[in-house]
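For this one, chain Z is given, so just place chain Y on it according to the hints.
Protein chains: 2
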Amino acid sequence: MSGGDGRWHAAWLPPEAFGAVGARRVLVHGDGLLVDTVFAEVAGACADHGGHVLRSGLADAGEAGAVGVDLVLALTGAAPLPAPAEAARADAGTLGDEGFLMARAGEVTVVLADAPPGLLYGLFHLVRLGAAAFEPGLPAQPHRPALRRRMLNHWDNVAVHPVMGQVERGYAGGSIFWRDGRPRRDLDRLRAYGRLLAATGINAISVNNVNVHATEARLLTDRLGDVAEIADVLRPYGVRVHLSVSFAAPVVVGGLTTADPLDEKVREWWAITTRAVYERIPDFGGYLVKADSEGQPGPFTYGRDHADGANLLAAALAPHGGVVHWRAFVYNHRQDWRDRSTDRARAAYDHFAPLDGRFRDNVVLQVKYGPMDFQAREPVSPVIAAMPATRLAVELQVTQEYTGQQRHACYLGPCWSEVLDFRPWGPGGPSVAEVAAGRAGPDGRDGGLAGVSNVGGDWYWTGHPLAQANLYAFGRLAWDPRLDTGAILDEWIDLTFPPSTTGDPALVRQTLHAVLDDSWRTYERYTAPLGVGFMVRPGSHYGPDVDGYEYSPWGTYHFADRDGVGVDRTRATGTGFTGQYPEPWSSVYESLDRCPDELLLFFHHVPYGHVPHSGTTVVQHIYDTHFAGVEQVRWMRQRWDRLAGVLDRALHDRVAGLLDEQLRSATEWRDQINTYFFRKSGVPDAHGRRIH
Amino acid sequence: MSGGDGRWHAAWLPPEAFGAVGARRVLVHGDGLLVDTVFAEVAGACADHGGHVLRSGLADAGEAGAVGVDLVLALTGAAPLPAPAEAARADAGTLGDEGFLMARAGEVTVVLADAPPGLLYGLFHLVRLGAAAFEPGLPAQPHRPALRRRMLNHWDNVAVHPVMGQVERGYAGGSIFWRDGRPRRDLDRLRAYGRLLAATGINAISVNNVNVHATEARLLTDRLGDVAEIADVLRPYGVRVHLSVSFAAPVVVGGLTTADPLDEKVREWWAITTRAVYERIPDFGGYLVKADSEGQPGPFTYGRDHADGANLLAAALAPHGGVVHWRAFVYNHRQDWRDRSTDRARAAYDHFAPLDGRFRDNVVLQVKYGPMDFQAREPVSPVIAAMPATRLAVELQVTQEYTGQQRHACYLGPCWSEVLDFRPWGPGGPSVAEVAAGRAGPDGRDGGLAGVSNVGGDWYWTGHPLAQANLYAFGRLAWDPRLDTGAILDEWIDLTFPPSTTGDPALVRQTLHAVLDDSWRTYERYTAPLGVGFMVRPGSHYGPDVDGYEYSPWGTYHFADRDGVGVDRTRATGTGFTGQYPEPWSSVYESLDRCPDELLLFFHHVPYGHVPHSGTTVVQHIYDTHFAGVEQVRWMRQRWDRLAGVLDRALHDRVAGLLDEQLRSATEWRDQINTYFFRKSGVPDAHGRRIH
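Protein sequences, first through last, are from chains Z and Y.
Residues 1 to 692, numbered by our numbering, are exactly what the first sequence covers, in order.
Residues 1 to 692, numbered by our numbering, are exactly what the second sequence covers, in order.
FYI, nobody ran anything at the bench for these hints, they're computed from the structure.
C-beta: ideal position from N, C-alpha, C; glycine also.
There may be inaccurate statements among the hints.
As the list claims (entries may be wrong) - Cβ-to-Cβ under 8 Å is the rule here; a few derived chain Y residues that face chain Z:
id	residue
1	R338
2	D547
3	D561
Unchecked claim - One-sided and incomplete, this derived list gives chain Z residues near chain Y with beta-carbon spacing under 8 Å:
id	residue
4	R338
5	D547
6	Y551
7	D561
8	R562
9	D671
10	Q672
11	R679
12	K680
13	G682
This is chain Z alone, in the form it adopts within the complex:
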């Protein structure tokens, strides 16, 4: 249970994080696989830190064992609880499968759960609290996840893809599941991964890329054993396994001549195939599907729609309790840039909103948070407000495809928090998080939160050591979207860099906050002024190329000319995309005056001399933010030096090197973007700074 014995970085679970728990006399009360996990975790901690642990089953009257303990972790149940737990029980209410109660009963800290997963999450909450969990004044408090499904999507290929590599959009080495077309045999690392996930609250992963290539298609059938092996390792940590499948699987691996969702043979094939999956993996989560998108097969081939397609798989999964995550990322990627009436931002809504009500109960429509593709800044997708009769999951990108590819420090917690707090129907209405939790719709259907994983075989798991904070924050926000992202960062800092192990814990905290707190907005400043996106190198998506996608078929334009820049998405004169939003946003975005500055160029084409709320012209705003962004990176880089000698040297060096690259890259962004707009507009910088 220690930090990987030097085979990988311990991340937020170094042995020191268990100091407070491991020094106690502990009783673990209850039965079941995940209770065994709790017991093993506590036993390992006690071995490290001098405490000791007892175990009793639900059938035991726990009182005897509870004598003289400091901490009880107990499942509620028919049999009598240990006395301190019994005392706390009254406060618990219904905790559900994953909830837990934490309380003090006299001198004893008590964690109560109705079911084993709750006990595991309670344990990791104890770890987060550390010594504070044993202070007399600890209030009794139930904890329940806001979202039931908290999922990571791995875009991992089993066989290395000639262009996209082992992990599509992966910046942390190879896959932790697969290598050279076969499963990796390092089950210890996989176990450590499950443990890290459980400690953040993540309870589901999909184990292969949504672009399902030939080898990966076979995971559903003759290579199912590979998936089962992963499921077996992750099960003790409450993490269920999902599989990305090809919609064409009946043809590709099934030998049928069609994958038509209304064909009886196809339905039968999916039913039989899915039954076989559940025979092997009884708690299998379900399927994840990218259909009719960027070249992937889908129901359109057969003249069917996405409801037909999703319901086909849902029907096969329903008898076993599985769900299908059907991605709404569908658009025309062979667009003609000359055609200004087509708007990629409209696509998901146009495709899916008309289908609301047609999806089976166990279909979850997985919607990217914005209408485009994980840009540093986008408005929230209008699809989220458009489908009250459909279970919706919101998809975030933990891997930093468009936000610095784990070479730039970019803490995404604040971005996600903004998205999750956004209220599609205006102030007073439900938030995006509430829609995903199912609390916005009439029948309370929950969808959940999905994040594209940033994890790989890298020693630090995430390439950039500080990108661990993104993975951690994703899990924590999925558990409770209202958490303060600064407080999440504090949790992550104190767990990852335990105060007992660094010379100057206050400096560590200060510096990491200084580097990370504003890092997403800093990244936005030097890359994406006023909501313009996609000014990136085509293909790699790293580094600037202002016109890189301007004449491409991908539907990602800014329309800069010598007079102005931006995409007119208004109803009055543009693509009408603003009309996909309910009020008040429909009017706010439509209005040049009311549109928020950070989305100005996403919704409007304006002259360079237009003055947004910031008070400077658009072109001067571009110059200013780009100069400022680079200066902020320079300052981050300087701040980081203060931790030399305070943190582990290898980690410090790695981050220092990456911050050097970030400064180089940010300077390149600044110079290319400023030069581009200077050459177009002819407007010199008001402050006389150098533009090339």
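Only chain Y this time, still in chain Z's reference frame:
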């Protein structure tokens, strides 16, 4: 000797091309490997066409055999010649190794050569002439190649490169030499290739990419046998084999710790290694080296210069009669786009001109024809006039990296002809071809012509069937740079589409001329207005991306802003590149008024309203040429339809499909470039045509 028995396209040597020779009574007189080839060729032709052939050796008195023949192919020599040959001999003069005399002696056509290669070239000249070679009025004419070294460089990788593939910048399938890291075993095809080369006059090839990767480095040592096998197959066609080598070979494959050209162990290693090469391949041509360029190793690593580097290899080759082709394509590919003082166009001159006189006799400096990199339009490289004491080879690109990648029909003969006819010292001075032939320098040192091959495993050899004309024209121009490129095209057409095999030979000729004659200038019109280059997709170099290289480290800029476009390379206000030319060009290029339109933006940055000689403004010129270029492609496409049913259907279909793609691509070029400059300049098209 027939057309590959359907295993590949016969190109310019279908059986029908041998009709005139093969119907004769022929005497082949002389000894030697290449005379055997001549005999075998004639014997094959006679078997096909009803003639017959006799053979006599140099020791024979040939008179008896010569009785009643129509054609004598004879080596001159000590022994008596067959009577008709003896009669012609007086006209021959000195023919040299590769020259031949063609004449009529009474009723007999005579081909005389001093050495076997000349006899082989004479045979193929007969084939080109066809029936005309047997007409009574045929004048006696000696033929000697203008350039001794007529070389193709294959950029073929033995092992498939993960990014560049099997053939770097290859558009005709895989390598004809290598597959999957091993030699191909199809020696028949290799033999057919040698035959095609000999028929154009090409007498040397390098068999691997100038970017020498790990596997390819071993061709010099433990995999030398693979090279020898190729040499054995090509030797009967007079084609010598050269090898691209890594300058770091002593380290990479030799196990030394340095490749320093002044290190005694390094010199010794090269001497021993080279001796071993010649033991295995006695007529080995030599080495081709790309050093200190685009990441390749070179003498700079050791603080030495290119003369040190080239002389090292030359010393090893000299005892065996080999040469080193040392490429002058050296520049800083990590340039900072912000730095306008650095000019990639200057690089080769700056690096090499100071070294003139320091190279050993058997070093050939191989200079790309232009100062940049095979753009559709560049000025001739100033290096060509700068090194009178150095043997210079001019390098052309037969593979269409920047000229449509064998998806566009683009006959490069006229481009090369312009380059070869260019007179670096002005009218009256020697031409580029004369420099390459060694007739410009005081000591007559010859360098030759090198072309980057466009050949691959494709059935048509060159991907685009019409791209065969480029390979053919390259060989013919290397033999005689003064040839008219329209006449070369006639030769190619009549050989490739023998009049006896098409229903309408005149239509075939007309149509192919219509499609090809102006195709290079058409390509220039829709891609590279007024000398601007590199507006291509980075990496692939196919299709437009106006700003693709604008902010890159590759040194390939156009500096377009809202006011104007072009690169100021003048001495007065720019990079001073014009100063690398001798007069009159130095003044011509320096002058905005005298600079030729087609190079205007290569040498000058001008406002969009500037009016060049064409009489329209720069921006209108851009619009006009781009609209015109697309219309010309449309017309080419229509003209091609006339050959439906006249030519072989598969070939016609292939070209028709490629012309469709050319029209699509040309339209894309037109629209992106016109839109780009419209957005920048704000100037509408004077003729109101649609710009997006």
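For each hint, the structure was consulted:
| no. | hint | verdict |
| --- | --- | --- |
| 1 | R338 | 4 Å, holds |
| 2 | D547 | 4 Å, holds |
| 3 | D561 | 4 Å, holds |
| 4 | R338 | 4 Å, holds |
| 5 | D547 | 4 Å, holds |
| 6 | Y551 | 5 Å, holds |
| 7 | D561 | 4 Å, holds |
| 8 | R562 | 4 Å, holds |
| 9 | D671 | 6 Å, holds |
| 10 | Q672 | 5 Å, holds |
| 11 | R679 | 4 Å, holds |
| 12 | K680 | 6 Å, holds |
| 13 | G682 | 5 Å, holds |
The structure agrees with every numbered hint stated previously.
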